[in-house]
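A.B. asks: Residue numbers (full-length UniProt numbering), protein chains in the order written: chain A, 1 to 367; chain B, 1 to 427.
Please keep in mind that the hints were generated in silico from the structure rather than gathered at the bench. Note that the Cβ used here is the ideal one computed from N, Cα and C, for glycine as well. Mixed in with the good hints, there may be bad ones.
To be verified - Calculated from the model, a selection of chain B residues having no Cβ within reach of chain A, i.e. all distances over 12 Å:
no.	residue
1	100
2	131
3	134
4	200
5	211
6	218
7	230
8	231
9	277
10	351
11	357
12	358
13	373
14	388
Said to hold, decoys possible - Cβ-to-Cβ under 7 Å is the rule here; a few derived chain A residues that face chain B:
no.	residue
15	88
16	91
17	134
18	136
19	140
20	169
21	170
22	172
23	193
24	225
To be verified - According to the in silico footprint, chain A covers these stretches of chain B (three or more CB under 8 Å from chain A):
no.	region
25	238–249
26	337–344
Residues per chain are reported as follows:
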Amino acid sequence: MLAISRQRILGQSFQKIRPAVPGLRSYSSAAKQITVREALNSALDEEMSADPKVFLMGEEVGEYQGAYKITKGLLEKYGPERVLDTPITEAGFTGIGVGAAYYGLKPVVEFMTFNFSMQAIDHIINSAAKSNYMSAGQISVPIVFRGPNGAAAGVGAQHSQCYAAWYASCPGLKVLSPYNSEDARGLLKAAIRDPDPVVFLENELLYGESYPVSDEVLDSSFCLPIGKAKIEREGKDVTITAFSKMVGYALKAAEILEKDGIYAEVINLRSIRPLDRSTINASVRKTNRLITVEEGFPQHGVGAEICASVVEESFAYLDAPVERIAGADVPMPYAANLERMAVPQVEDIVRAAKRACYRSVPLAATA
Amino acid sequence: MSTAFSAAKFSTQPFSTISHDSPLVFAKPTSQFFGSTRKLRLTSSSKFNLSRRSGTVVAVSDYVKQKTSKSTTSLLITKEEGLELYEDMVFGRAFEDMCAQMYYRGKMFGFVHLYNGQEAVSTGFIKLLKQQDSVVSTYRDHVHALSKGVPARAVMSELFGKTTGCCRGQGGSMHMFSREHNLLGGFAFIGEGIPIATGAAFTSKYKREVLKEADCDHVTLAFFGDGTCNNGQFFECLNMAALWKLPIVFVVENNLWAIGMSHSRATSDPQIYKKGPAFGMPGIHVDGMDVLKVREVAKEAIGRARRGEGPTLVECETYRFRGHSLADPDELRDPAEKDHYAARDPIRALKKYLIENSLASEAELKAIDKKIDEVVEDAVEFADESPIPARSQLLENVFADPRGFGIGPDGRYRCEDPKFTEGTARV
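Chain A extracted, bound-state conformation (with noise of 0.2 Å):
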């Protein structure tokens, strides 16, 4: 199910990603334009003002304002007792934010990148995410677990898992991706109010990239709902769904499909756990062929949970068999030209779409 590319690549395309023009129906002119970085320093300001019981815990996040930025200027701003420089151990601080989080604060938990996550995995399953069921609803855990997930440029395979499968397999927790600002804004802001553990799957080349936002999405009491998607782009012929960065590939996919008269629908998941399955249905009952796409590894991805969902629930609207995208089934290799290939990339979202069309040579006419 892993579509190779072994084309060249459309220019830069791995390092910097353009913002497609997605649907922008509901907002009013998007005026302002931000970095996802500063969507997500401007939600945790604005949090941490609104509620003294939110405090920012990891390493680096306060003197060095942030291993990538995201913290900056918020030691300044609340001072040590709130934005607190860890030691390297990420079990000890992760069970310290669950407890505290046991006794109602609510913690932010900041991990460098999702990989060094797997040293606090027990805290994250077993102490957050499964609490409020042991206990039977007497404790909650309003914790937030946020970072940089998936692949950044040239770090080798140990800083370059996608961790979305694995968290969002586990009952309890509630998995959000990002892909823009207004994602960015929204689902954090969501996540640090929710009264759960929210894992939050940032990714580190998004966090320079611009993207335009509403008056509402600067408003500070704005925060998008969990479990539910957003279709970026609507289509007729074919659905991709992807989250992330992959979202931007994909809506670049469907332009270049527009061209050959496949109008694709692209669905921003927003939200891994809970799975947005009605509106993922709804698209592919409309279209009648769904193309997942994702960056981590294939077996047991979330692709893997998106065809079987569909394949349950929308079999007879099905006109081609569905087909997952997603990383090459190694660990991330370091040199460039083989990390590009382990990668799904545009042309790969563009050929699986045209092999559901049954297009594999572009066609003069729409269909």
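Dock chain B against the given chain A, drawing on the hints supplied.
C.D. replies: Same frame as chain A, but now just chain B:
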């Protein structure tokens, strides 16, 4: 009285006693709370290093003996306290014995870890706490729950898997939680509870310093065993608790065995209390089979934490009379060792103390025994008659959020908003 582990295979060392009037003093951090590392570097001094090297190891049994011999007229406890301690220990013992019976009758299942023999530690520490103080335990948590005040009926029903249990049957033997009594479990993974306890202590300090709840002096006790003291999380939390001066007491229930692994086979330096000073906190060793000695040490450690002086590591030398769990055949332990500790049964020791010092009569203690038996029997009856969980309970309590859609801008759950529709996200 010797505090040596006479049956274990390592030798004792003479302890250095320090005057209790000058406990370990660190270089003062410049900020009351979590100073930044920049500030800590500036205040490092040779005084800091010296006081660490001189050691804060104390043989508390010696200290307690000195104290009692100085004040010959006053005893360590009053009559009420003595009876309370006796009742709590007998309660723990009777409850655990009943658990064993029920397990072999098939009413209880899965993993059950019993606390027989270690009651002095639980009673000695927990009976000094207030309701708002928290206790974090391991899978050997029934008696911690009972000492903290969770009713016997709730604990027994939980063990039977009935819906009237303290966690509605969803937790089980190893996961006892009670919000009301501030009992935070109940963790199956060893070492898992230690960071949680450190977080609870952190919350207490945060509430006082950031949220300005000035009277918040809640203390947290973390109970764990000797095997846990080789685990990374233990050391991580000793470091952070001392670094941030959290109001926590780390209580090691050293019963010399981690299932079948003897402590001396698993640990390079078996004297656990010595690991405290390495991180900048006092490390105390106490005879965990003597509830009065444990209580004296606990008073000091909990007092330290309440005054904001930081954490303490207390190693209680104790012993479990039964196996690791009810499924453990317990073949590896030397019968001579078991007999040695059985002779130091904490309940018998306290009974002897109470009678010799005329604090209670034989009849009063027998009355307590009888009362406890009735309480435990009543708990079993209640649990037996309670209903099993309904089918609908399976999917409940996964999230605190009823439908998983999160909280809206107005602060209420989105699913409560009648205008929140199915379909794509509309902001």
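A.B. asks: Decide, hint by hint, whether the structure agrees.
C.D. replies: Hint check:
1. 100: holds, 24 Å
2. 131: holds, 14 Å
3. 134: violated, 8 Å
4. 200: violated, 5 Å
5. 211: Violated: least Cβ distance 6 Å, not greater than 12 Å.
6. 218: violated, 9 Å
7. 230: Per Cβ check, residue 230 (chain B) is outside 12 Å of chain A; nearest 14 Å; holds.
8. 231: Incorrect as stated: the minimum Cβ-Cβ distance to chain A is 9 Å, not above 12 Å.
9. 277: holds, 19 Å
10. 351: holds, 36 Å
11. 357: Its Cβ never comes within 12 Å of chain A, the nearest being 41 Å, so this holds.
12. 358: holds, 44 Å
13. 373: Fine: 29 Å to the nearest Cβ keeps residue 373 (chain B) off the interface.
14. 388: The claim stands: residue 388 (chain B) keeps its Cβ more than 12 Å from every Cβ of chain A (closest is about 14 Å).
15. 88: violated, 9 Å
16. 91: Holds, because the Cβ-Cβ distance from residue 91 (chain A) to chain B comes to roughly 5 Å (cut-off 7 Å).
17. 134: With a closest approach of 4 Å, the residue 134 (chain A) hint holds.
18. 136: This hint holds: residue 136 (chain A) lies near chain B, its Cβ roughly 4 Å from the closest one there, short of 7 Å.
19. 140: holds, 4 Å
20. 169: Result: violated, 13 Å to nearest chain B Cβ.
21. 170: violated, 10 Å
22. 172: The hint holds - residue 172 (chain A) has a Cβ within 7 Å of chain B, the shortest such distance being about 5 Å.
23. 193: Constraint on residue 193 (chain A) satisfied, holds at 4 Å.
24. 225: Result: holds, 5 Å to nearest chain B Cβ.
25. 238–249: holds (count 3)
26. 337–344: Violated: only 0 residues of the region 337–344 of chain B have a Cβ under 8 Å from chain A.
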